[in-house]
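J.: What follows is the residue order along each chain.
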Amino acid sequence: MPRHRQFASSALLQKIARHSLALVATVLLGGFLAAVLVRLAPGFEVDERQLDPRLNSESVHALVQARAAPHNIFSFYVRSLERAIHGDLGTSISLGQPVSSLLRERAPLTLRLVALGLILSWTSAMALGLSAAWLRTTAYDALTTVLSGTFLCIPAAVLALLSVLWNLPGALAIALIVFPQVHRYARNLLAKAYNLPHIITARAKGLSESRILFWHVVPVVAPQLLAVAGVSVNIAIGAAIPVEALCGLAGVGQLAWQAALARDLPLLMNVTILVTLVTLLANSSADVIGHVLRSQQA
Amino acid sequence: MVTKSRNAILVSALRVSALCIVLAGFALAQGGGELRFCLHSEPKTFDPLKVEDDASVSIRYLTGGVLLRINRQTQALEPELAQSWKVSKDAKQITFKLRSGISFSDGTPFSAEDVVYTVRQLMDPALHSPTGDSFRSGPGIVETRIISPTDISITFPAPVAGLDRQFDQVAILSAHSPKKEMAVLGPFMVADYKPGATVLLVRNPNYWKTDAQGKKLPYLDSIRLDIQPNRDVEMLRFKRGEVDLINSLDSEYFDKLWQIAPQVVHDAGPSLDSEQMWFNQVEKSPLPAYKKTWFRSASFRRAISEAINRDDLSRVVFRGHAQPAVGPISPANKFWFNAKLSAAAAYSRDAALKALQGEGFQLQNGTLKDKDGNEVVFSIITNSGNKYRERMATMIQEDLGKIGIKVNVVTLDFPSLIERMTQTFEYEAVLLGLTNTGLDPNEQMNVWLSSSENHQWNPSEKTPETAWEAEIDKLMREQASSADARARKKAFDRVQEIVVDEVPFIYLVNRNALSAVAADVQGASPVILSPQTFWNADRLEVKGERLALK
Amino acid sequence: MRLFRNNAWRTLACAVLLVVVVVSLAANWLAPAGYAKQYREATDAAPSGQHWLGTDEIGRDRFARVLYGTRISLLLAPAAALLSTLMAALIGGLAGYLGGTWTRAAMAVTDLFLSLPWLFLLITVRAVMPLNVTPLASVVVTFLLLGLLGWTSAARVLCATAGSLRDSDFVRQARALGVRPLRLFWLHVLPNLKPVLYAQFWISIPVFILTEANLGILGLGVAEPMPSWGSLLRELEGLVSLGEEPWKFVPLVLLAVVVTSFQFVLSEQQEAAA
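Residue numbers (this note's numbering), protein chains in the order written: chain A, 1 to 298; chain B, 1 to 550; chain C, 1 to 274.
The reader is advised that the hints may include incorrect statements.
[As the list claims (entries may be wrong)] As a list, the in silico EDC-like pairs of lysine to aspartate or glutamate whose alpha-carbon atoms are at most 16 Å apart:
(1) B:K256 / C:E57
(2) B:K462 / B:E478
(3) B:K256 / C:E244
(4) B:K215 / B:D226
(5) B:K489 / B:E461
(6) B:K406 / B:E375
(7) B:K44 / B:D192
(8) B:K97 / B:E78
(9) B:K194 / B:D211
(10) B:K387 / C:E235
(11) B:K292 / B:D370
(12) B:K179 / B:D106
(13) B:K292 / B:D372
(14) B:K50 / A:E82
(15) B:K291 / B:D370
(16) B:K50 / B:E181
(17) B:K44 / B:E242
(18) C:K37 / B:E398
(19) B:K44 / A:E58
(20) B:K406 / B:D370
(21) B:K387 / C:E57
(22) B:K194 / A:E48
(23) B:K387 / C:D44
(24) B:K179 / B:D164
(25) B:K256 / C:D169
(26) B:K489 / B:E478
(27) B:K179 / B:D47
(28) B:K216 / B:E541
(29) B:K256 / C:D167
(30) B:K387 / C:E244
(31) B:K543 / B:D47
(32) B:K292 / B:E375
(33) B:K97 / B:E80
(34) B:K284 / B:E461
(35) C:K248 / C:E41
(36) B:K340 / B:E497
[Unchecked claim] Taking beta-carbon pairs under 8 Å as the criterion, some of the chain B residues facing chain C (in silico):
(37) L68
(38) D370
(39) D372
(40) N374
Hint data in this document are derived by calculation from the structure and do not stem from the laboratory.
A virtual CB, placed ideally from N, CA and C, is assigned to each residue, including glycine.
Given the sequences, and given the hints that come with them, work out the whole structure.
T.: Next up, the structure:
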């Protein structure tokens, strides 16, 4: 028995090693693809300033020259990676500051926003989903559906503006954007689980709700809900862009938006790498936890 | 709950008193308060010589000290750091007599050496700044000579049109200060910058100006600039009393604010800016040949111009806060506007159609076709996010639909739009605005010279492709090399006539300069010239309680 | 009793959808002047006998625009949502069901899809498209792109679901009995993915409708003068700061009603299947 456990843990280690390797490869690929997408999109080699009629020909040429794209995007990427290993992430074209310091300054705010937004949205989504599953009243279910449906229909920009109007924290706006999506998945999955024959029987027998939830429902829905959790991190990051931009919050989302408008390749590449990393970490940890849960069940 | 709020009050009171102590030690607070408004983009630089974008221009205006200043209200040039000045007859040399006893914000004394240093930096060919380029009228070196500690002369290799007025844009740098460009001569100095959030300016304790009562200027203790690109948010915060000024206010917002608080909004009349549309006339563009023929025909362009109802554009899109545009110069530019061009092209659907029929176009079943039977269809591109341009384009779409022309409106993000306009020439018509910062037509030089990149309808022509473009080239050069204002005016009047006649740009409207100033700001008198509301920032005060508008 | 109530809700939802569809199809009769006509003397007007929902900023009848916008969005958004749901089912479901390397590879691709800046792909698509496309073609292309790019989050959840099904007793037994894998997937795995598929479909409709409007900034999506729900909803952005004009909320209410109705239609089937 001890030997068996040892074997299992080394397999787990191997799995983690394999996961991390795949993770690094995917992140690097993500950065490269982002660079290619940005490079190929029109408007890469232009600068808004070149429309200034006060500039003479030499200055316009100098501006265009300064924007001239790297000829070989692949070698450009490899060189950027080499520099990145030495801690140099390049310099933002539009802001003229080192990318590393920009990200360092702004990441904490976004992290806090996204984390708080996720906690709020998950708490409310699970509360509504569970209560609907327990009550099994169609009217209540309809009410929660209308509620989350309405939030789903309000443009993110409007939610962000409303949070400015009512002086609410930006995290709440993010929560309201993420909430309906999480709620829909949670509600559907929980409703299905509570409709399973053995759970209906258990409830009929009068088992306590918490016992049913933790012994019977959670094992059924956990893998899916974990996957939703992983994905919701990405949704929240996406929501951070309009919220930060409109609420005047100086986070990575606002930075990414400015970078996109200015075709700021070094900045966009690094932001994508960061987002890919966070997405992968969130999803992989959801996978790993799901896997551990399943193997424990088995 | 009660104790909590009491605590909060205590804490904030402590904070405020601590702040007061800091401020008192730092500079003598005058109690002029803090002015707050929004910048619409991130300032790209604090170096006054490199300034290009609007946000940086605003900061330069508030922090930089200049030799001469254009009074934004009277449009006259006034002495600042220079007590007096003189431009030579050949428009190549300018001499300044400087004020003495002035020092930079960090205490470094101001002298003629600083002016020399600034001019040298500005004229460095590697700098590529719009301010520098406006002085660069010909090849050669700019010579600066210090005659005495307060007298200086600057000689340019070729005549510079409107030489003295251009010094309004040149903020003087210190040659010696260790703080480099952060040592300033203007009323305020940058104290703090949080990228993406705020720029905090505080009063420059060494600012040289005093008011009539001998009180030191500026009155304000500080100015807080919030970086907020979104106009809706800016408006919200203004209504809540968190922002004191709005420059170039949206006309919709103007009307709504006027309904609730008419005293806070100001319509200063037509501004210098124009909204215009033009056709792609580039010979090597990838357009089909028959479309090039349309766009290169002046009568086609004139007919289109005639078929656009400018009165409706001003009335509907701008809610009356705009005037139909006459030509390249706004009537607001009192000296340079050609008064003979009295009215904008009159709207006449029938006349437009008749003119087109004279050119061989035919209206068949509600569709206009050229003489070879090609349907007249073209797209208008404009930058996305500007609802006024989108609405104007949609109205033009309907107007032209009435003479059988099918217009597709496409909004593009700005970089894509610029690429099409300047590199690939894959477009048919563009609707954009031209922002005129200065009054002098010389600032538009690169729009009119056929060899220039910014000659938008057909950039970088090797030789002028049409006789009228050749004539414009000649007139523009003529006015630039003259110091005689009347001769310059005559030449540029002719340019305006040619442009109105040949319609390379279809001028649509001149927007009014709309602004909002909160009731607690005293001393404001918004004008049409930028910066509309805070041109007299050193004399503004914020007093009384900030109130939210209901 | 519960079943009856459920059915009542479902019937109501179906009726609502039917009414919306019929009314939007009858737009030609209900709003004969069309969605593009500019009443330039009555811009930004309040509701009146002539304009039931008032007019927009350049004087177009809002009621007509809502009706025609409904046609576009109600037809195309569910189609795109269906496409993305199918793609999610295929990619996520199969990857999870096949397991091992398949799962890992598919999920790595999915994660990449989730994090890439697709904005730039869309900008490129706009550049490749000719400028003179009809508004309808532009909006169809946009929804197609949304459908092709929108499957990722659902695929992840589906993969997890299919993965846990693969390990479940009944699938193991079936496999041991020699049921062919594809048949097994079709008969036993796919039905169990329904809650996730319905969730994905339902979420996608409003999300796509709103995204379509946001893509207007790239010159994609519906072009002037054609209306879509998304472009009508964008009016709300200015409204927040402008104050109370309740009739401008009609498109939002309508979209919320339609989206909720969709949920009831789907929700009932799901419980019946369980």
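J.: Each hint needs a verdict: does it hold in this structure or not?
T.: Evaluated hints:
1. Between B:K256 and C:E57 the alpha-carbon distance is near 14 Å, which keeps this suggested pair within the 16 Å criterion.
2. A distance of roughly 20 Å separates the Cα atoms of B:K462 and B:E478; the hinted pair therefore is violated under the 16 Å criterion.
3. For the hint linking B:K256 to C:E244, the alpha-carbon distance of about 11 Å falls within 16 Å, and the restraint holds.
4. In summary, the hint linking B:K215 to B:D226 is not supported, as the alpha carbons are separated by about 29 Å, beyond the 16 Å threshold.
5. A threshold of 16 Å between alpha carbons decides the hint, and for B:K489 with B:E461 the separation of about 26 Å lies outside it, so the pair is violated.
6. Restraint check for B:K406 and B:E375: satisfied, since their Cα atoms lie roughly 8 Å apart, inside the 16 Å limit.
7. A distance of roughly 15 Å separates the Cα atoms of B:K44 and B:D192; the hinted pair therefore holds under the 16 Å criterion.
8. Distance restraint check for B:K97 and B:E78: the Cα-Cα separation of roughly 13 Å lies within the 16 Å cut-off, and the hinted pair is therefore satisfied.
9. Distance check on the hinted pair: B:K194 and B:D211 sit about 32 Å apart at the alpha-carbon level, beyond 16 Å; violated.
10. Restraint check for B:K387 and C:E235: satisfied, since their Cα atoms lie roughly 11 Å apart, inside the 16 Å limit.
11. Between B:K292 and B:D370 the alpha-carbon distance is near 12 Å, which keeps this suggested pair within the 16 Å criterion.
12. Proximity of B:K179 to B:D106 is assessed by CA-CA distance (about 8 Å); at most 16 Å being required, the pair is judged to hold.
13. Restraint check: the Cα-Cα separation between B:K292 and B:D372 comes to about 14 Å, which is no more than 16 Å; the hinted pair holds.
14. Distance check on the hinted pair: B:K50 and A:E82 sit about 32 Å apart at the alpha-carbon level, beyond 16 Å; violated.
15. For the given pair, B:K291 sits about 10 Å from B:D370 by alpha-carbon distance, which is consistent with the 16 Å threshold.
16. In summary, the hint linking B:K50 to B:E181 is supported, as the alpha carbons are separated by about 11 Å, within the 16 Å threshold.
17. Distance check on the hinted pair: B:K44 and B:E242 sit about 24 Å apart at the alpha-carbon level, beyond 16 Å; violated.
18. Taking the CA atoms of C:K37 and B:E398, the gap is near 8 Å; set against the 16 Å cutoff, the hint holds.
19. About 21 Å separates the Cα atoms of B:K44 and A:E58, which puts this hinted pair outside 16 Å; it is violated.
20. Between the alpha carbons of B:K406 and B:D370 the distance comes to roughly 13 Å, so the proposed pair stays at or under 16 Å and holds.
21. Between B:K387 and C:E57, the direct Cα distance comes to roughly 10 Å. Compliance with the 16 Å bound is thereby established for this hinted pair.
22. A hinted pair counts as satisfied when its Cα atoms are at most 16 Å apart, and B:K194 with A:E48 does not qualify at roughly 24 Å.
23. Taken as a hint, the B:K387 and C:D44 pair is honoured in the structure, with Cα atoms around 14 Å apart against an allowance of 16 Å.
24. For the hint pairing B:K179 with B:D164, the CA-to-CA distance comes to about 28 Å; that exceeds 16 Å, so the pair is violated.
25. A threshold of 16 Å between alpha carbons decides the hint, and for B:K256 with C:D169 the separation of about 67 Å lies outside it, so the pair is violated.
26. Taking the CA atoms of B:K489 and B:E478, the gap is about 11 Å. The hint holds against a cut of 16 Å.
27. Between the alpha carbons of B:K179 and B:D47 the distance comes to roughly 12 Å, so the proposed pair stays at or under 16 Å and holds.
28. For the suggested pair B:K216 and B:E541, the alpha carbons sit about 13 Å apart, so the restraint of at most 16 Å is met.
29. Proposed proximity of B:K256 and C:D167 is contradicted: the alpha carbons are some 63 Å apart, above 16 Å.
30. Among the hinted pairs, B:K387 with C:E244 is inconsistent with the structure: their alpha-carbon atoms are about 20 Å apart, more than 16 Å.
31. A distance of roughly 32 Å separates the Cα atoms of B:K543 and B:D47; the hinted pair therefore is violated under the 16 Å criterion.
32. For the hint pairing B:K292 with B:E375, the CA-to-CA distance comes to about 14 Å; that is within 16 Å, so the pair holds.
33. With a CA separation close to 10 Å, the supplied pair B:K97 and B:E80 stays within the 16 Å bound.
34. At most 16 Å may separate the alpha-carbon atoms for a hinted pair to count; B:K284 and B:E461 meet this at roughly 11 Å.
35. Using a Cα cut-off of 16 Å, the hinted pair C:K248 and C:E41 is violated, with the two alpha carbons roughly 19 Å apart.
36. A distance of roughly 9 Å separates the Cα atoms of B:K340 and B:E497; the hinted pair therefore holds under the 16 Å criterion.
37. About 40 Å separates the beta-carbon of B:L68 from the nearest beta-carbon of chain C, more than 8 Å, and the hint is not met.
38. For B:D370, the interface hint is violated, since its Cβ never comes within 8 Å of a Cβ in chain C; the closest pair sits about 16 Å apart.
39. Because the smallest distance between the Cβ of B:D372 and any Cβ of chain C comes to about 18 Å, over 8 Å, the interface hint for this residue is violated.
40. For B:N374, the interface hint is violated, the least distance from its beta-carbon to any beta-carbon of chain C being 12 Å, above 8 Å.
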